[in-house]
Amino acid sequence: TETLLDTWNIGCGFFLLLFSLVRYKTLHPSGDVPAAEGDSVTLNCFFEVSSSYVTYLFWYKQQGNGSPEFILQRATGSGQNSPKFPKDRFDAELTDKSVPLKIQKLELSDSAVYYCALQPTVTGNSSTVDENLWSKDNTILLYIH
Numbered sequence: 565t566e567t568l569l570d571t572w573n574i575g576c577g578f579f580l581l582l583f584s585l586v587r588y589k590t591l592h593p594s595g596d597v598p599a600a601e602g603d604s605v606t607l608n609c610f611f612e613v614s615s616s617y618v619t620y621l622f623w624y625k626q627q628g629n630g631s632p633e634f635i636l637q638r639a640t641g642s643g644q645n646s647p648k649f650p651k652d653r654f655d656a657e658l659t660d661k662s663v664p665l666k667i668q669k670l671e672l673s674d675s676a677v678y679y680c681a682l683q684p685t686v687t688g689n690s691s692t693v694d695e696n697l698w699s700k701d702n703t704i705l706l707y708i709h
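The end of the sequence shown is residue 709 by this note's numbering, with every number in the run present.
If you're looking for bench data, these hints aren't it; they were derived computationally from the structure. We put the beta carbon where it would ideally sit given N, CA and C, even for glycine. Take these hints with a grain of salt, some might be off.
What the hints assert, rightly or not - Just the calculated beta-carbon pair ranges, DEER-fashion:
{"no.": "1", "residue 1": "652", "residue 2": "612", "range": "17 to 25 Å"}
{"no.": "2", "residue 1": "640", "residue 2": "606", "range": "15 to 23 Å"}
{"no.": "3", "residue 1": "600", "residue 2": "627", "range": "31 to 39 Å"}
{"no.": "4", "residue 1": "641", "residue 2": "603", "range": "16 to 24 Å"}
{"no.": "5", "residue 1": "648", "residue 2": "604", "range": "15 to 23 Å"}
{"no.": "6", "residue 1": "628", "residue 2": "660", "range": "28 to 36 Å"}
{"no.": "7", "residue 1": "601", "residue 2": "642", "range": "28 to 36 Å"}
{"no.": "8", "residue 1": "644", "residue 2": "598", "range": "26 to 34 Å"}
{"no.": "9", "residue 1": "671", "residue 2": "629", "range": "17 to 25 Å"}
{"no.": "10", "residue 1": "631", "residue 2": "668", "range": "31 to 39 Å"}
{"no.": "11", "residue 1": "602", "residue 2": "641", "range": "16 to 24 Å"}
{"no.": "12", "residue 1": "660", "residue 2": "598", "range": "24 to 32 Å"}
As the list claims (entries may be wrong) - Lysine-lysine pairs mimicking DSSO-like chemistry, simulated, CA-CA at most 27 Å apart:
{"no.": "13", "residue 1": "666", "residue 2": "648"}
{"no.": "14", "residue 1": "648", "residue 2": "669"}
{"no.": "15", "residue 1": "661", "residue 2": "651"}
{"no.": "16", "residue 1": "666", "residue 2": "651"}
{"no.": "17", "residue 1": "669", "residue 2": "651"}
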């Protein structure tokens with residue numbers, strides 16, 4: 565069955581993220597990361613949340629001129645991965661200040677630009693995106709060789 569997140573990601577498109585710099589701020593992730601095929605790598609994304617709202621964090625992957633692809637979403641005590649990015653290879657654990665993405669058994673096809681995005685939801689209505697933070701500074705270039 566298709567989840568609400570799949571519908572949002574496909575139906576509304578990646579670039580529908582709304583920007584809000586008032587109460588939520590993501591910090592710079594780790595930048596360019598070289599890695600070898602078969603290795604594991606951790607891509608860091610740090611953030612600040614200055615409120616008590618539930619925080620959702622997302623990771624996306626973009627190859628070449630293609631559209632960003634949803635990898636996973638994490639919230640306190642919950643989360644889901646896209647079927648294309650299984651949890652045994654792509655995983656992240658949300659803490660109060662970071663959501664590092666761990667990629668295991670690297671493949672050449674994992675070479676891409678990775679984005680983290682912060683979406684604090686301020687209502688209980690899961691069909692509404694009330695506030696979201698996206699920044700081009702939240703990118704990591706991963707080179708597999």
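Results of checking the hints against the structure:
no., hint, in the structure
1, 652 x 612: 17 to 25 Å, "violated, 31 Å"
2, 640 x 606: 15 to 23 Å, "holds, 20 Å"
3, 600 x 627: 31 to 39 Å, "violated, 19 Å"
4, 641 x 603: 16 to 24 Å, "violated, 30 Å"
5, 648 x 604: 15 to 23 Å, "holds, 19 Å"
6, 628 x 660: 28 to 36 Å, "holds, 35 Å"
7, 601 x 642: 28 to 36 Å, "holds, 32 Å"
8, 644 x 598: 26 to 34 Å, "holds, 29 Å"
9, 671 x 629: 17 to 25 Å, "holds, 20 Å"
10, 631 x 668: 31 to 39 Å, "violated, 25 Å"
11, 602 x 641: 16 to 24 Å, "violated, 32 Å"
12, 660 x 598: 24 to 32 Å, "holds, 29 Å"
13, 666 x 648, "holds, 15 Å"
14, 648 x 669, "holds, 15 Å"
15, 661 x 651, "holds, 21 Å"
16, 666 x 651, "holds, 10 Å"
17, 669 x 651, "holds, 12 Å"
In this structure, the hints that do not hold are numbers 1, 3, 4, 10 and 11, in rising order.
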